[in-house]
Amino acid sequence: MNGFGSFRALAINEVRASVRNRTALIFTLGLAVLFMIIFGLLFGGSGVSVSFDAVNNDNTAMSTSYLKALKGVSGVTVDSKSHTAAFADLKSDSVIAVLVIPKGFGAAIEGQGPSQKVAIYQAGGGSSSTAIADDVVAQVTAAFAGGGHASVTLGAPQSAEVNQVTEMDYMLPSMIAYIILFSGVNYVAIGLVEKRVTQVLRRFRATPVRSSTILAAQVVGGGLTVLLQILVLVALGVWAFGAKNYGSWLLLIPPIVLGTASFVGIGFLITSVSRTSEAARALAAMITFPLMFLSGLFFPISSLPTVVQDIARVLPLAWASDALHQVMNDGAGFSAITTDCLVMAAWAVVTISVAAWRFRWD
Amino acid sequence: MIHIEPMPAATRLGGEMADIDVSGLVKRYGDVVAVDGLTFAVQKGEVFGMLGPNGAGKTTTLEIIEGLRTPDAGSVQVLGTDVIAHPSTVKERIGVQLQATALPPFTKVREAVQLFAALYQRSRPVDEVIEEFNLGEKADAFTDKLSGGQMQRLSIALALINDPDLVFLDEPTTGLDPQARLNIWGVIESIKGRGKTVVLTTHYMEEAERLCDRVAVIERGKIVALDTPRRLISQYAPGTTVEFANVPGLDVETLRKMPGVERVVVDGRVSITTRTPETVLHTLLDPNASWAPAEGADGGTAGEGEGAVRDLMVRHGTLEDVFLSLTGRSLRE
Numbered sequence: 001m002n003g004f005g006s007f008r009a010l011a012i013n014e015v016r017a018s019v020r021n022r023t024a025l026i027f028t029l030g031l032a033v034l035f036m037i038i039f040g041l042l043f044g045g046s047g048v049s050v051s052f053d054a055v056n057n058d059n060t061a062m063s064t065s066y067l068k069a070l071k072g073v074s075g076v077t078v079d080s081k082s083h084t085a086a087f088a089d090l091k092s093d094s095v096i097a098v099l100v101i102p103k104g105f106g107a108a109i110e111g112q113g114p115s116q117k118v119a120i121y122q123a124g125g126g127s128s129s130t131a132i133a134d135d136v137v138a139q140v141t142a143a144f145a146g147g148g149h150a151s152v153t154l155g156a157p158q159s160a161e162v163n164q165v166t167e168m169d170y171m172l173p174s175m176i177a178y179i180i181l182f183s184g185v186n187y188v189a190i191g192l193v194e195k196r197v198t199q200v201l202r203r204f205r206a207t208p209v210r211s212s213t214i215l216a217a218q219v220v221g222g223g224l225t226v227l228l229q230i231l232v233l234v235a236l237g238v239w240a241f242g243a244k245n246y247g248s249w250l251l252l253i254p255p256i257v258l259g260t261a262s263f264v265g266i267g268f269l270i271t272s273v274s275r276t277s278e279a280a281r282a283l284a285a286m287i288t289f290p291l292m293f294l295s296g297l298f299f300p301i302s303s304l305p306t307v308v309q310d311i312a313r314v315l316p317l318a319w320a321s322d323a324l325h326q327v328m329n330d331g332a333g334f335s336a337i338t339t340d341c342l343v344m345a346a347w348a349v350v351t352i353s354v355a356a357w358r359f360r361w362d
Numbered sequence: 001m002i003h004i005e006p007m008p009a010a011t012r013l014g015g016e017m018a019d020i021d022v023s024g025l026v027k028r029y030g031d032v033v034a035v036d037g038l039t040f041a042v043q044k045g046e047v048f049g050m051l052g053p054n055g056a057g058k059t060t061t062l063e064i065i066e067g068l069r070t071p072d073a074g075s076v077q078v079l080g081t082d083v084i085a086h087p088s089t090v091k092e093r094i095g096v097q098l099q100a101t102a103l104p105p106f107t108k109v110r111e112a113v114q115l116f117a118a119l120y121q122r123s124r125p126v127d128e129v130i131e132e133f134n135l136g137e138k139a140d141a142f143t144d145k146l147s148g149g150q151m152q153r154l155s156i157a158l159a160l161i162n163d164p165d166l167v168f169l170d171e172p173t174t175g176l177d178p179q180a181r182l183n184i185w186g187v188i189e190s191i192k193g194r195g196k197t198v199v200l201t202t203h204y205m206e207e208a209e210r211l212c213d214r215v216a217v218i219e220r221g222k223i224v225a226l227d228t229p230r231r232l233i234s235q236y237a238p239g240t241t242v243e244f245a246n247v248p249g250l251d252v253e254t255l256r257k258m259p260g261v262e263r264v265v266v267d268g269r270v271s272i273t274t275r276t277p278e279t280v281l282h283t284l285l286d287p288n289a290s291w292a293p294a295e296g297a298d299g300g301t302a303g304e305g306e307g308a309v310r311d312l313m314v315r316h317g318t319l320e321d322v323f324l325s326l327t328g329r330s331l332r333e
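Chains as they are written, first to last, in the numbering used here: chain S, 1 to 362; chain Z, 1 to 333.
By construction, these hints were calculated from the structure, which means they are not laboratory data. The reader is advised that the hints may include incorrect statements.
As the list claims (entries may be wrong) - If you want the footprint, here are the derived chain S segments under chain Z, 3+ residues with CB under 8 Å:
1) 11 to 18
2) 208 to 219
3) 228 to 236
What the hints assert, rightly or not - Among chain S residues calculated to face chain Z with C-beta under 10 Å, some are:
4) S6
5) N21
6) G191
7) L201
8) R202
9) R313
10) W357
11) R358
12) R360
13) W361
A virtual CB, placed ideally from N, CA and C, is assigned to each residue, including glycine.
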């Protein structure tokens, strides 16, 4: 049997039909673009200004130089305060975060003491600017820790290399994750259930094409639709909204493909447990909407209650979002997103296998 | 109920193979027996009709023969191949039209034909098929913009895209207006004209009478009669039927005792079977007839010559009468 020819014809038909489905496009690509426009208008696409308080418990040349590097980032204001004063500022919302430099920070960087952690405290709620602040601190800290001895003298020039992540830069990976979530789940879940209800799947099965080919074409077609939308979104984000990618474009492929696969898998799983397209729609909404708010798309996960954070960290969107933000905003390498990718791959394999096993043709 | 002996299939007689040879077919859904021991054969080049009300098991039987469902018992040979063991071999050589629309969404006519052509090893040229089914003007239209008749033509075109030897049409004209129905009948006759074997289900008598070489009357998963339409009529609906609107207070027993009356069936309308319609009509139209309540008891609005008989019709037997006589109920619920 001409298996691949059949698969290709079915998958192409699926992608073409999805692209023509304007109502669905409005909820996926359309809303993603709208979110970017809203955030673009609100924040003007320029660098955000954030102010921290810093509590310097180390008071060595190294910690002073570290704070100086932070202050050198444009848009960032850092004031050294006492512990009490700093937390009072945080409580009254006059700063976005408090940075606590531990005793032994300098010694740790010079390799003469145990490793130390810079703590960052944020007021509840959080927003995407908190996330950007986190990014800035993370990058400066990484530069210090990673630079070893040389970092002492590098203080000021190094700060110039810090990525000045704008709202738009933060929103682009968020909206890629949004499309992965909504398109991945909805195109496959609702599309496949509707084809079952209207007997389209049955009609395909009346041809010599293998059942597995029919399902694979539906799932791959849904996945390709998601990837197409992401391409359009990224092109718009970069050229129309001036978003920047500080990392490698190629490195975006693994989290996008694996994230899409895991959400297409969840959509496929929904079709295996839903009898009607109404049921599939309801189930898809119950999964997608909470995930959207729990997975670091609009504000960082760290601002959520611990229990909720734990739940969010089990679900694949948080990993997709983390990997995309790390690459695009922090310029992270593959080693930084390996865990993210492995978790998403596991989700994809498990959901797709279970769904294929439990799939009902009528 | 009439018991049908298993038909000796041509294969067993050592002659030419039957296109379809079904034996002892059973399909259950929980406690419901949808197909209850069907045995029949369809010969090459014939148009075979399956007649019965909704839920009689026609579609389930078709879907088993098409390789879409597995039976609980029985065997099915299609074009000399065991469908249950080798469904894709059979699917390559048959054409199927399902009862539902069953076309992928957001797809244009030409794209749908191209898609289905790609699903077979061997297929006819796409444009040739589009022209043949008069869909040229609509080739670039979305399938959901087609009229009922155009949709059905497309659906049959897709069933013929692989140039099959055997075509299954499940209720090809249900829901169509009379003109579109005539058009589809023409299409089916031309398929037959090319020597293809056609199996169709329907609940339209005229359709079965006009198109089918043989008809199987199916009720509750069983074949209650199988023959040519003409022989079914002469066996189960001989004579003439006198039919009129039912009236309240009808005395069926008196009707049955009237001279010349062979059978009376009350099913919305009153149908009297007779070989002497003149005698029956004479008695029926007698103003002093005792079979119906006295006319005019509530004030006598009925005019002279108007008895209880309204909407009178005298006609020869049809497959509808065959069904009525075999099952005691009408095909169209």
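Evaluation of the provided hints:
Counting residues of the segment 11 to 18 of chain S whose beta carbon lies closer than 8 Å to any beta carbon of chain Z gives 5, which meets the minimum of three for the stated coverage. Given as covered by chain Z, the segment 208 to 219 of chain S passes the check, having 3 residues with a CB less than 8 Å from a CB of that chain where 3 are the minimum. Coverage of the segment 228 to 236 of chain S by chain Z is violated. Counting CB-CB distances below 8 Å, 0 residues qualify, and the rule asks for three or more. At about 5 Å, the closest approach between the beta carbon of S/S6 and any beta carbon in chain Z falls short of 10 Å, and the interface hint on this residue holds.
With 10 Å as the threshold, the beta carbon of S/N21 comes within range of chain Z, its nearest partner Cβ sitting at about 6 Å, so the hint holds. Against a cut-off of 10 Å between C-beta atoms, the interface hint on S/G191 holds, since the closest Cβ of chain Z lies about 8 Å away. Restraint check, S/L201 versus chain Z: the minimum CB separation of about 9 Å is within 10 Å; hint holds. The closest approach between the C-beta of S/R202 and any C-beta of chain Z is roughly 6 Å, which is under the 10 Å cut-off, so the hint is satisfied.
Among the interface hints, the one on S/R313 is violated; its C-beta lies about 37 Å from the nearest C-beta in chain Z, farther than the 10 Å criterion. At about 19 Å, the closest approach between the beta carbon of S/W357 and any beta carbon in chain Z exceeds 10 Å, and the interface hint on this residue is violated. Restraint check, S/R358 versus chain Z: the minimum CB separation of about 19 Å is more than 10 Å; hint violated. Given the 10 Å rule on beta carbons, the hint for S/R360 is violated: about 13 Å separates it from the nearest Cβ of chain Z.
Taken as an interface hint, S/W361 checks out: its beta carbon lies about 9 Å from the nearest beta carbon of chain Z, inside 10 Å.
Taken one by one, the earlier hints fail for this structure at numbers 3, 9, 10, 11, 12, listed in ascending order.
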